[in-house]
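Protein chains in written order, with my numbering: chain A, 24 to 461; chain B, 628 to 809; chain C, 150 to 456.
Be a bit skeptical, because a hint or two may be false.
[Claimed, not checked] In silico SDA-like cross-links for lysine to any residue, where the CA-CA straight-line distance does not exceed 25 Å:
hint: 1; chain 1: C; residue 1: K288; chain 2: B; residue 2: W761
hint: 2; chain 1: C; residue 1: K398; chain 2: C; residue 2: R409
hint: 3; chain 1: C; residue 1: K283; chain 2: C; residue 2: A314
hint: 4; chain 1: C; residue 1: K196; chain 2: B; residue 2: V679
hint: 5; chain 1: C; residue 1: K283; chain 2: C; residue 2: A411
hint: 6; chain 1: C; residue 1: K196; chain 2: A; residue 2: L326
hint: 7; chain 1: C; residue 1: K192; chain 2: C; residue 2: N237
hint: 8; chain 1: C; residue 1: K192; chain 2: A; residue 2: A370
hint: 9; chain 1: B; residue 1: K802; chain 2: A; residue 2: P417
hint: 10; chain 1: C; residue 1: K163; chain 2: C; residue 2: A411
hint: 11; chain 1: C; residue 1: K192; chain 2: A; residue 2: I265
hint: 12; chain 1: C; residue 1: K368; chain 2: B; residue 2: R759
hint: 13; chain 1: C; residue 1: K279; chain 2: A; residue 2: P417
hint: 14; chain 1: C; residue 1: K187; chain 2: C; residue 2: Q168
hint: 15; chain 1: C; residue 1: K368; chain 2: C; residue 2: I188
hint: 16; chain 1: C; residue 1: K192; chain 2: A; residue 2: G382
hint: 17; chain 1: C; residue 1: K368; chain 2: A; residue 2: G64
hint: 18; chain 1: A; residue 1: K422; chain 2: B; residue 2: G805
hint: 19; chain 1: C; residue 1: K398; chain 2: C; residue 2: D175
hint: 20; chain 1: C; residue 1: K288; chain 2: B; residue 2: G805
hint: 21; chain 1: C; residue 1: K368; chain 2: A; residue 2: S67
hint: 22; chain 1: C; residue 1: K192; chain 2: A; residue 2: F327
hint: 23; chain 1: C; residue 1: K196; chain 2: B; residue 2: W686
hint: 24; chain 1: C; residue 1: K256; chain 2: B; residue 2: W761
hint: 25; chain 1: C; residue 1: K283; chain 2: B; residue 2: L680
hint: 26; chain 1: C; residue 1: K163; chain 2: A; residue 2: P376
hint: 27; chain 1: C; residue 1: K279; chain 2: A; residue 2: G263
Bear in mind the hints are in silico, worked out from the structure with no lab data behind them.
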Amino acid sequence: MDPLLLGAIVAIVTILVLFSGVSVAIGLLIVSAGFLLVFDGARSLELMPELLFGKLDNFALLSIPMFIIMGASIASTRAGADLYEALERWLTRVPGGLVVSNLGACALFAAMSGSSPATCAAIGKMGIPEMRKRGYPDGVAAGSIAAGGTLGILIPPSVTMIVYGIATETSIGRLFLAGVIPGLLLVTLFMAWSLYSTWKSGEASRLGAGSYTWAERFEILPRVLPFLGIIIGVLYAMYGGIATPSETAAVGALLCLLIAMIIYKLWNPKDLWVVLRDSTKESVMILFIIAAAGVFSYMLSSLFITQSIAEWIGTLDVNRWVLMGVVNVFLLIAGFFLPPVAVILMAAPILLPIIDTAGFDPIWFAVVLTINMEIGLISPPVGLNLYVINGIAPDISLKTILTGSLPFVACMVLAIILLCLFPGLATWLPNVVMGVAL
Amino acid sequence: MAGHGSAVASHTGNNLFLRVVAALSTLAGWCSAGMIVSAVAITCQMIIVRFVLNGSTIWQTEAVIYLVIAATLVGLPYVQRLRGHVNVDLIPLALPPRPRFFMAILTSVLSISIVSIMLFYGYDYWHFAWDRGWRSDTVWGVRLWIPYLALPVGFGLLLLQLIADLVAVLTGIDKPFGLEDT
Amino acid sequence: GATELRLSHQWSSKDIRHQVAQIVADEVAAAGVDLEIKIFGSKSLFKPREQYKPLSRGQLDMTVLPLSYAGGQQPAYNLTLMPGLVKNHDHAARLSHSPFMEALEAKMAEDDVMVLVHGYLAGGFAGKDKCITKPEDVKGLQTRAAGKSFEQMLAGADASIASMASSEIYNAMQTGVLQAANTSSSSFVSYRIYEQVSCYTPAGDVALWFMYQPLLMNKRTFDGLSEAQQNALVAAAEKAEAFYMEEAKSQDAASAKVFRDAGVEIAEMSVEDFDAWRALAMETSYAKFVEEVADGQALLDLALAVE
Ligand code: NA
Ligand code: NA
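Chain A on its own, in the form it takes in the complex:
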């Protein structure tokens, strides 16, 4: 059979199986086994456990549970609330200051957590009730946190970037740096939109409420210091020649656990277990998808589908930006349904040759891809952040959360356009810190 036609059949079957309610990782294994059985013979099934084990046999994967523990341990304390309160006390004069401080807290928290749902939960627990109390509409309160939470995978550290780095063999240190400026750009766009919409609603004066004395403002600062300590410590370890990014993750995890225990008195074994349980759950889920996607990509390669698609794209005579547009639409649609890690691993072997032939920078592309994945996190039908918000504030309907986060989706699309116009937004920082190369 023609590999391209076969590829189309694989795509359709995969979609059907994944929508059937079976878990994503097991679904990928089912599809892989089915096609290997039919086209490569029964003996190829023997290889599956070996391929799965081999995919996990990679030191860089260690950083996934580590960065998840980092976020989870801090999220289990009052830390998120402190962060957000500090920002609020300092920004209270600004109309709509509360949304702005929540978004700022999301960005700061994102710099300590590798995952978006964790960021969303940590800031949302305190931020959403507070915003609603002060009279912000439910949609704005929920939407801003849902969107702000997605920064977790753009601002380093980021589990998504690690997976991309592994799949494409690009430097994880470089990828992390590439996310910094686009992350700040996004948070600025989010804030600008929030301020504008508050101002436009004409309720700016009422929402400005709450005033703090300078004493109160300075009093809260020491409580934010541990975080700055962690962020600086992790950055120093990573770029200062102490450890590789994967190793740094372990240092970060240990530091966060220690700070949670010492400063926030997270001594109770039961509370510690909750942190560990949640981290284990999320890590195992992601790592299983990574392993299963490894078997899936073996199947694609063994049936010569990957190679044929790459070849076919090479023969297409289209403008590279048209190609990039198509790739973006594809990623966006995939992101609607699948978790970021699954999209990256399934799409990387197909997309990379395209990116390569069309002459796009893989580091820059990682950022574009990540923002696409961020949109997926706050869009139906599978938007992990939407469920986190739904868990924190069960009385806000999913529809309200969704409409509330729509303007932020527009901000993300704008950010992608800006990145296409000015690729330097992503590539400048890694080049300055780590030198132009590779």
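Put chains B and C with the ligands on the given structure of chain A with help from the hints.
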């Protein structure tokens, strides 16, 4: 709306089999978490040995890799029990209760089949490594059957939990896909 | 239709080892014996170290593989990456067709594996702040070595061993985690290590680091082919082996040129340096090998007997 990792564990009712399997999966979850914590500790030790003491790090990288692999595989049944494996239930949501029930049976049987295949060949691979005395090609030279053991153990326990989930749906103790009727 | 064989390797299509595989595939196709070799390069099918097991079980037909990767399956293979065992490329060619290699091929046969194309590639050392030519030079340096035996020897020279993939050398050197590295000439170039080091010691008249990287085939699959197909494969392999040897020699000089052009100092290993390393290796890696492998001493003697 589609499914996601809610913190609600699958129901066991008073069924002895379901409760035993749930207990086994929980135990596996503790082991998994323990291995992740050990990986953190070993990595930090490695950085200290190398950066502070300027010593050699021979075994740490490998030990950490195998711990994370084992944590993943052994953690599978526990995460299944917590319904933590992310899924997309667009088709079941669109179905009325009766077809949804059969859809749940179908996906369950498919999952059980593939995990059985992984268990069978995982055991086979483990046994091959044991039989041939394979070691890793490093100075540490770990006997590979030790890390490979995570394959049959992890998939074996996952198989049990999947069977338990199917039994729970068949006996009406749990709802298909954990979805409430609407 | 034609019989299809699958060949897997880890290198890019520009790499010498891909070219070796390509020559075999092209020659066999030209022979018109209904045999087609499909090459899966750049680790698109299996990870580098995951290739020997499926090859040995017949799930993969052919591979181009550094044989020491399978040292965990057959410890005797560790002799194919021993410091100072091979002196230069001509010596390597003599080793490839010696009783020593016959003994190794007997080990491969136990795993249902056979050699189609023999070949050795050389490598060198690179230092971030200084040149590495003799054992004293690595003392106290965080060093990445390619292969278990080299790790043992360098540890014997009081280097600190940091194990990592060759793809990580660049970043580790850049951030200062690593101060010295040892790998193949082609890896030094393809990972652009010349941007991070001040001194390079390439393989020259004498070289410490030689790695045996043959084109292997599953024996049962080979035996299952028709006589015409087998003959075509053997003839193609012969042609590829001649090319492999010539190219392997020119790689060392080419890598030195790339480093020199990048402004990196080029150091040379003297015969005295080589002997010092080899004496150290005798006490460390050779001794360890003999201790670990049952018939290790006999194999080592066979190798040392090759002039
Ligand atoms: Na982050
Ligand atoms: Na989505």
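Here is what the structure says about each hint:
For the hint linking C/K288 to B/W761, the alpha-carbon distance of about 33 Å lies beyond 25 Å, and the restraint is violated. A threshold of 25 Å between alpha carbons decides the hint, and for C/K398 with C/R409 the separation of about 18 Å falls inside it, so the pair holds. As the CA atoms of C/K283 and C/A314 are separated by approximately 24 Å, the hinted pair is consistent with the 25 Å bound. At roughly 34 Å between alpha-carbon atoms, C/K196 and B/V679 are farther apart than 25 Å, so this suggested pair is violated.
Between the alpha carbons of C/K283 and C/A411 the distance comes to roughly 24 Å, so the proposed pair stays at or under 25 Å and holds. Among the hinted pairs, C/K196 with A/L326 is consistent with the structure: their alpha-carbon atoms are about 17 Å apart, no more than 25 Å. Between C/K192 and C/N237, the direct Cα distance comes to roughly 29 Å. Violation of the 25 Å bound is thereby established for this hinted pair. Distance hint between C/K192 and A/A370 is fulfilled; the C-alpha atoms sit about 17 Å from each other, no more than 25 Å.
Distance restraint check for B/K802 and A/P417: the Cα-Cα separation of roughly 21 Å lies within the 25 Å cut-off, and the hinted pair is therefore satisfied. Restraint check for C/K163 and C/A411: the C-alpha separation of about 21 Å stays at or below 25 Å, so the hint holds. As the CA atoms of C/K192 and A/I265 are separated by approximately 30 Å, the hinted pair breaks the 25 Å bound. Taken as a hint, the C/K368 and B/R759 pair is honoured in the structure, with Cα atoms around 18 Å apart against an allowance of 25 Å.
For the suggested pair C/K279 and A/P417, the alpha carbons sit about 63 Å apart, so the restraint of at most 25 Å is broken. Restraint check: the Cα-Cα separation between C/K187 and C/Q168 comes to about 13 Å, which is no more than 25 Å; the hinted pair holds. With a C-alpha separation of about 18 Å, the suggested pairing of C/K368 with C/I188 holds against the 25 Å cut-off. Our distance criterion of 25 Å between C-alpha atoms is met by C/K192 and A/G382, whose separation comes to about 22 Å.
At roughly 20 Å between alpha-carbon atoms, C/K368 and A/G64 fall within 25 Å of each other, so this suggested pair holds. About 22 Å separates the Cα atoms of A/K422 and B/G805, which keeps this hinted pair within 25 Å; it holds. Distance restraint check for C/K398 and C/D175: the Cα-Cα separation of roughly 23 Å lies within the 25 Å cut-off, and the hinted pair is therefore satisfied. With a C-alpha separation of about 62 Å, the suggested pair C/K288 and B/G805 falls outside the 25 Å cut-off, and the hint is violated.
Distance hint between C/K368 and A/S67 is fulfilled; the C-alpha atoms sit about 19 Å from each other, no more than 25 Å. Taken as a hint, the C/K192 and A/F327 pair is honoured in the structure, with Cα atoms around 13 Å apart against an allowance of 25 Å. With a C-alpha separation of about 21 Å, the suggested pair C/K196 and B/W686 falls inside the 25 Å cut-off, and the hint holds. Among the hinted pairs, C/K256 with B/W761 is consistent with the structure: their alpha-carbon atoms are about 14 Å apart, no more than 25 Å.
A distance of roughly 24 Å separates the Cα atoms of C/K283 and B/L680; the hinted pair therefore holds under the 25 Å criterion. At roughly 16 Å between alpha-carbon atoms, C/K163 and A/P376 fall within 25 Å of each other, so this suggested pair holds. Restraint check for C/K279 and A/G263: satisfied, since their Cα atoms lie roughly 21 Å apart, inside the 25 Å limit.
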